[in-house]
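**Student:** If you want the building blocks of each chain, they are given just below.
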Amino acid sequence: MSKIVEGLFYSEDHDWVKVEGDVAIVGISDHAQHQLGEIVYVELPEVDDELSAGDTYGVIESVKAASDSHSPVSGKVVAINEELEDNPGAINEDPYANWVIKVELSDKAELDNLMDSKQYEGFCAE
Amino acid sequence: MHRYIPSTSAEQQELLKSIGANSIEDLFVDIPSNLRFKGDLNIGEGLSELELTKHIQELANKNESGLTCFMGAGAYDHFSPSVINHIALRQEFFTAYTPYQPEISQGTVTAIFEFQTMMSRLTGMEVTNASMYDGQTATAEAVALACENTKRSKIVVSAGLGKDTIEVIKTADETKGIEIIVAPLKDGATDIEATKALMGDDVAGLVVKSPNFFGIVEDLGALEAVAHSDKKSMFIVNTDPSSLGILKAPGEFGADVVVGEAQTLGIPMSFGGPYLGFLSVNKKLVRKIPGRVVGQSTDAEGNRAFVLTLQAREQHIRRYKATSNICSNQGLIMLMATIYMSLMGEQGLKEVATQSMQKAHYAYEKLVATGKFKPMFPGKPFFKEFALVADADVKKINEELLKSGILGGYELGKDYAEYGNGVLIAVTEKRTKEEIDELVRIMEAI
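So the sequence lines, in the order shown, correspond to chains A and B.
Okay, so the first sequence: first residue is 1 according to full-length UniProt numbering, each after it adds one.
Okay, so the second sequence: first residue is 1 according to full-length UniProt numbering, each after it adds one.
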C-alpha cells in the first residue's frame, strides 16, 4: 500500500502539492514512484519559468519509462530541487521529503480542482 | 525473368492475385496521379556486367587522380595508413546493417565506445555521440540542441564557419523556427565587438569555427566570454580534430558543445564523401544530444560489455519530444577514424599537426617572398591553411598547376566576391618540401 500524506493536495497525475503561504511545493506521490520504479533522471524547469496548470515542466525518467511532469497549479517557479539532478533516486527513497519544484501560486482557487488525501486514496484504488 | 529481379511474370501475377491486385500499377493507387512521374526514367537500357564495368571505368577515368593536393576548404589530404582499410573492410564491419544490437555486435559497439572516448579526450569534453553524418550537419544539430536547451530561437553564427556550413544550418534549422544571425568577420577572424552587439538574452548561443574556413585560429578565449556574457547562452565550437594534436582543446576554453568534420582523421577525401561528423558535450547535456551513445556495462556473467544507452528520447518511447530524430550514424567511417586515432596515438596526432602547420607556414613564407602574393589577412595566426591575394589571375594559376599534376588552392572569388582574386591554400603532413618548392616555382612563374 502506497503512503498517502494527509493535509496535502493531489492531482490525477499523481503529484502532491503542499501549500505554504502563496507557495505550492510540488512533488511526486508514493504511488507514482512505485509505478515508475527506479528513477534515473529528473529534468527540472528553470527558476522564473511561468507555468499554467497542466503545463509540462520537466521529465521523469525511470528504468521503465520516461514521463512528462505536468504542473498541477499555475504560477511562477520560485525554486527547483537541484539535488535531484545528482540524486534522482531520492524520490524513490522518500517522495514526500524530496519535492521537485516550488511554484508561487497565481490562482489559489485552482487548488479546489485537486483532490484531498481521502479522495486521492479512492482515486488510486480505482 | 531478369537476372537481378528473380521473379517471373507468372510469379508476379500470383503474388498480385494473393493480395487482390490486378496489376503492379494497383499498388500505387494511394499516390495521387499528379505527383507521380510518368514516362521512362532516363537511365538507358540494362547492361551486361562486362559492358557495365567498361562504362564505369570510362566515367572513373574522367576524374583527375593522383594529383598533388594543395586544396582544402573543408576536405584535406591527410595520410591514411593502409591498415585502416584492411580492418574496416573486414566483412563483419563492412557488410553490417544497423549493427547495434549489442548481443551480436560487440565489436561495433566497442569501436564506438573507443571512438567516443578518444574524441572526448581530443576535444576536452566529457561525452561524444556515436557520430554524425558530417561536420556541417553536426553543426546544425548543435544549433538545434542549443535552442532546445535554452528554449530560445535565435542563434549567432560566425561567418568564419564558411558559406556551405551556414547554408546547411539554415536548411536544417530555419524550418524549426530558428533564426540564424551571421556575425561578420574582421581581417578573416570573427569580429568580436560586432559579435558582442548581436548577442542578447534571447540568443541561444554563439557558433564559431577554429581554425576557421580561412584557416585562421580564432581567439576562443575572447569568443567564449562573448558567448557566455549571458549565463544561459551556449558556446559552440566547430573544430578540425587534426588541429587538436597541438592546439588547446575547445573544452578547455569552456565550450558547451564541440562539433566538426573528422575526415581529417585518416579518412580519404573520396571526391567529397562519405565523411564523419562528431558532436561532443559535457555530461550535463548528455540526455539532450542527438543520436546514440554507447556505454560500458557488464553482461549476465559479469564480463565487461557495451550497450547503446540514453536513447529513449531519440528513437523510442519519446521520439516526438526529441530535439533531433536522427537515428543513423557513420558507423564505418567512425570505425576508420577510430583505427586512425588508435594507430597514431597522442604522439602521432601531434606529429601530423606539427608537420602540417610547419609545412603550411613554409609554403606561406615562400609564396609571399615571391612578391607576387600578398597575405590576405596579415598577422593572423593560421594552422594548415592560409589565404593569399595573387597578382595574376588565380584561375589561370590553377590551370597551369594542373598541367604539372598539382591541384592548386581554392579560388575564394567563386563564393566570396569580396575576396576577389584570393586563393586558399592547404598543406598537410603529406606534402614534401620538394612538392611545396615546385608549387612555389610554378606559381611564381605566372
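Hints may contain errors.
To be verified - With beta-carbon atoms standing in for the labels, derived distance ranges:
(1) A:E85 / B:G405: 53 to 63 Å
(2) A:V78 / B:E193: 30 to 40 Å
(3) A:E38 / B:L41: 52 to 62 Å
(4) B:T298 / A:E20: 38 to 48 Å
(5) B:T298 / A:D86: 19 to 29 Å
(6) B:V83 / A:V47: 28 to 38 Å
(7) A:G89 / B:R121: 25 to 35 Å
(8) B:P32 / A:E38: 48 to 58 Å
The set of hints was computed from the structure by calculation and includes no laboratory data.
C-beta: ideal position from N, C-alpha, C; glycine also.
**Student:** Run every hint past the structure and note whether it holds.
**Tutor:** Here is how each hint holds up against the structure:
no., hint, verdict
1, A:E85 / B:G405: 53 to 63 Å, "holds (59 Å)"
2, A:V78 / B:E193: 30 to 40 Å, "holds (38 Å)"
3, A:E38 / B:L41: 52 to 62 Å, "holds (55 Å)"
4, B:T298 / A:E20: 38 to 48 Å, "holds (45 Å)"
5, B:T298 / A:D86: 19 to 29 Å, "holds (23 Å)"
6, B:V83 / A:V47: 28 to 38 Å, "violated (54 Å)"
7, A:G89 / B:R121: 25 to 35 Å, "holds (30 Å)"
8, B:P32 / A:E38: 48 to 58 Å, "holds (50 Å)"
The structure fails to meet hint 6 from the earlier list, while all remaining hints are met.
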